[in-house]
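Peer 1: Top line first, the protein sequences correspond to chains X and Y.
Residue numbers for the first sequence follow the working numbering, beginning at 34 and rising by one.
Residue numbers for the second sequence follow the working numbering, beginning at 155 and rising by one.
Keep in mind the hints are simulated off the structure, nothing from the lab.
Heads up, some of the hints might be wrong.
Stated by the list, open to error - Derived coverage of chain Y by chain X (criterion: at least 3 residues anywhere in the stretch with Cβ under 8 Å from a Cβ of chain X; other residues may be distant):
| no. | stretch |
| --- | --- |
| 1 | 162-173 |
| 2 | 179-187 |
| 3 | 202-215 |
| 4 | 222-236 |
| 5 | 257-263 |
To be verified - Below, in silico cross-link-like pairs of lysine-lysine (DSS-like), each with a Cα-Cα straight-line distance of 30 Å or less:
| no. | chain 1 | residue 1 | chain 2 | residue 2 |
| --- | --- | --- | --- | --- |
| 6 | X | Lys265 | X | Lys227 |
| 7 | X | Lys331 | Y | Lys251 |
| 8 | X | Lys118 | Y | Lys199 |
| 9 | Y | Lys222 | X | Lys331 |
| 10 | X | Lys265 | Y | Lys222 |
| 11 | Y | Lys199 | X | Lys265 |
| 12 | X | Lys381 | Y | Lys199 |
Stated by the list, open to error - If you anchor each label on the Cβ, the simulated ranges turn out as follows:
| no. | chain 1 | residue 1 | chain 2 | residue 2 | range |
| --- | --- | --- | --- | --- | --- |
| 13 | Y | Thr200 | X | Asp276 | 47 to 55 Å |
| 14 | Y | Ala172 | X | Asp355 | 38 to 46 Å |
| 15 | Y | Ala326 | X | Glu86 | 31 to 39 Å |
| 16 | X | Lys308 | Y | Ala326 | 50 to 58 Å |
For every residue, glycine included, the Cβ atom is placed at its ideal position computed from N, Cα and C.
Each chain, written out:
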Amino acid sequence: MSLKTEELVLNMGPQHPSTHGVLRLELLVDGEIVKNVIPHLGYLHRCFEKHTEALQYFQIVPYTDRLDYLASMGNNFGYVLTIEKLLKIEVPERVEYIRVITAELQRIASHLVAIGTFGIDVGAFTPFLFCFRDREIILNLFEEITGARFLYNFMAVGGLNYDLSNGWVDKVKDFIKYFRPKLKELNDLLSFNKIFIERTASVGILPADMAINYGVSGPMLRASGVKYDIRKNDPYSIYNRFDFDIPVGQGLQGTVGDTWDRYWVRVLEIEESLKIVEQAIEQIPEGDVKAAIPKKIKPPVGTAYGRVENPRGELGFFVVSDGGNNPFRVKVRPPSFCNLSVINEICKNNLVSDVVAILGSTDIVLGEVDR
Amino acid sequence: MKTINEFFEVLKNNFNDAVVELKEDIDSYIVVKADSIDKIAEFIKTNNDFKFDFCTCVSGVDDANGTKNTDENGNVVINGGTMSVFYHFNRLVDDAKIIFRVYVERENPVVNSIAMIYRAADWHEREIFDLFGINFTNHPDLRRILMPYDWEGHPLRKDYKNPEFYQGIRVAY
C-alpha cells in the first residue's frame, strides 16, 4: 500500500525561541525534510537609516548601539571610524588602544552569548549558564567605565566619551587570568561532548565558494575555510601592532564549513581576542581621550565606506555627506543580514530539527538584520 | 595590485560608452550606465585582471537634485532628478576594492539586477527596492524585505511622507 504524501508549510517564528529575536521562517517540509526556507524579516525595523538623516553626526552614536545590541562597542567603533575617515582626522594613541581593548572584550562577550545560546538550541543548558557567568564580568567591566551594561555610547567621533577609571586595567588582567581556565572547562563540557558533536558535525555545510558568493563574512566565512579577517587583511585602527592568528574551519569533526566548525571558530576566536587584549593592555599610553573630538562635525561633500570586523562579520557604514550638519545618507552593511541570506541554501534537504542548529550557528542578531 | 585608475582604463577600453567617468572622492568610484552594470559585474567577476569575488555592499541614495514643488497639502514633492545605486566590490585575496555608481531617473528608476551574478546582492537589491522604489530588472524575487508587504510608498526617499492610515487604522506619529 502506498501512502499519499504532500509537502507542508510549517511556520517557525516570529516568537520561536531559537530564532534569537523576531524572525519568521516559512519552511516547506516533506515529512521531516526541509525543502525550502523563506525568511521574513522586518519585525524589528526601527528606521535607523531614516533617523540618521534627521540627526547630527555625533547624535547617531547611541543609535548604532542598538544595531547589533550584543556588540555595541563594535558598532560604535565602525561608525566613528567612518566619520573620522570622512573628516580625515587622527585620534590619539590612547584612544586607539582603549577602542581595541573594549572592542575585543566585546567580541568575547558576544561570542560567549553565541556559544551559550547555541548550546541551548541543541539541548545543552549548562554551558549557557557558564557563559553568562563569565560574560557578566565583562559587562561589569564595561559598566565601570561607561555606566551602562549593554548600550554604551562609549566612543565619540575623534575620541571617547569617558576615560578609563582607576584600577580598571588591573581588573581586566584579573579577568584574563580567571577566564583562561574557564575556556578549557567549556571545551570539556560542550565542544568535545559526544552528543553535541553528533548533533552538529557535517550538518548544514556551507562551501567556501557559496559563502563568498553570498557575501557571508566573519566567523561563518572563516568556518568555511576562507582565511579572511579585516583586522589582518585590511588592518584598521592599530590592529597591525598585535600578534594574533585567524582561526579557520578545518572540519575536525566532520566536513569543513559544517555547523560544528562555525561553533569552533568562535571558541578559538575568544582565545585570539584574549591575546590581543593582553598585548594592548601592556602598551596602553597616557593621554587625553577627548583631545581630538571636534567641536563641530561638518564633513566636506563626499562619500566614504568604513568597515570593521564585528563579532558577526564585516560591519560597514556607507556615509554620504552633502556638507551639512546631518549626514545625507547612512547605509549600514550589517553582517547578520548578509549571513542570513544564505540560510535557504544551507538548510535545504536537512531535518527540521537541524534548522534550529544551523540557525543557532549563524548567530544572527535581529536588531541588526532589521535595523 | 592595480589602482582604481588602472581598473578604470581597462573598463573604459572594454565597455566604451557604458563607463562614464572616474570620480575622485575619499573612496573614488566609477560612474557606469544603469543598463550595463550587470555586464560589468559579470566582467569584473570573471576577468583575470579583476576577479572581484565578494560583493560587499549595494546601497541606494536619493540624490534629491530635482525641482522641489509643494503640493496642495503643503508637502514637499521632488520632481525629476536622479537617484543612485552604489556598488562596493572586494577581492578577498589581496583586499583590492572597486566602487561603482549608477544614476537612475527618479521618475522611472530601473537598474539591471546583478543578483544572479553575485548572490549577495539579492537582499541588498530587495532592500533598495523596498526603501527607494528602484526596480531591478531580472531580479529573481523582487519583494519588499524590511517593510510590511502591503506598505505603500518608499520611506527613504527624501520627499516621503508618513502615511496617516495603515490598513484602515489611524496611526499617530
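Peer 1: Against this structure, judge whether each hint is valid.
Peer 2: Hint check:
Only residues whose C-beta sits within less than 8 Å of a C-beta in chain X count toward coverage, and the stretch 162-173 of chain Y has 0 of them, not enough to reach three; the restraint is violated. Counting residues of the stretch 179-187 of chain Y whose C-beta lies closer than 8 Å to any C-beta of chain X gives 4; at least three are required, and the coverage claim holds. Check on the stretch 202-215 of chain Y: 8 of its residues sit with their Cβ under 8 Å from a Cβ of chain X, so the three-residue criterion for coverage holds. Evaluation of the coverage hint for the stretch 222-236 of chain Y: breached, as 0 residues show C-beta separations to chain X shorter than 8 Å, against a requirement of three.
Check on the stretch 257-263 of chain Y: 0 of its residues sit with their Cβ under 8 Å from a Cβ of chain X, so the three-residue criterion for coverage is violated. About 34 Å separates the Cα atoms of Lys265(X) and Lys227(X), which puts this hinted pair outside 30 Å; it is violated. Restraint check: the Cα-Cα separation between Lys331(X) and Lys251(Y) comes to about 27 Å, which is no more than 30 Å; the hinted pair holds. Taken as a hint, the Lys118(X) and Lys199(Y) pair is honoured in the structure, with Cα atoms around 28 Å apart against an allowance of 30 Å.
Distance restraint check for Lys222(Y) and Lys331(X): the Cα-Cα separation of roughly 25 Å lies within the 30 Å cut-off, and the hinted pair is therefore satisfied. Between Lys265(X) and Lys222(Y) the CA atoms are separated by roughly 47 Å; this puts the pair beyond 30 Å, and the hint is violated. Taking the CA atoms of Lys199(Y) and Lys265(X), the gap is near 24 Å; set against the 30 Å cutoff, the hint holds. The hinted pair formed by Lys381(X) and Lys199(Y) meets the criterion: a straight-line CA distance of about 27 Å does not exceed 30 Å.
For Thr200(Y) paired with Asp276(X), a C-beta distance near 37 Å fails the hint of 47 to 55 Å. Range check, Ala172(Y) to Asp355(X): about 28 Å between beta-carbon atoms, so the 38 to 46 Å window is missed. The hint said 31 to 39 Å for the Cβ distance between Ala326(Y) and Glu86(X), and at roughly 22 Å that hint is violated. Take Lys308(X) and Ala326(Y): their Cβ atoms lie about 53 Å apart, and the range 50 to 58 Å holds.
Hint check: violations occur at hints 1, 4, 5, 6, 10, 13, 14 and 15; the rest are consistent with the structure.
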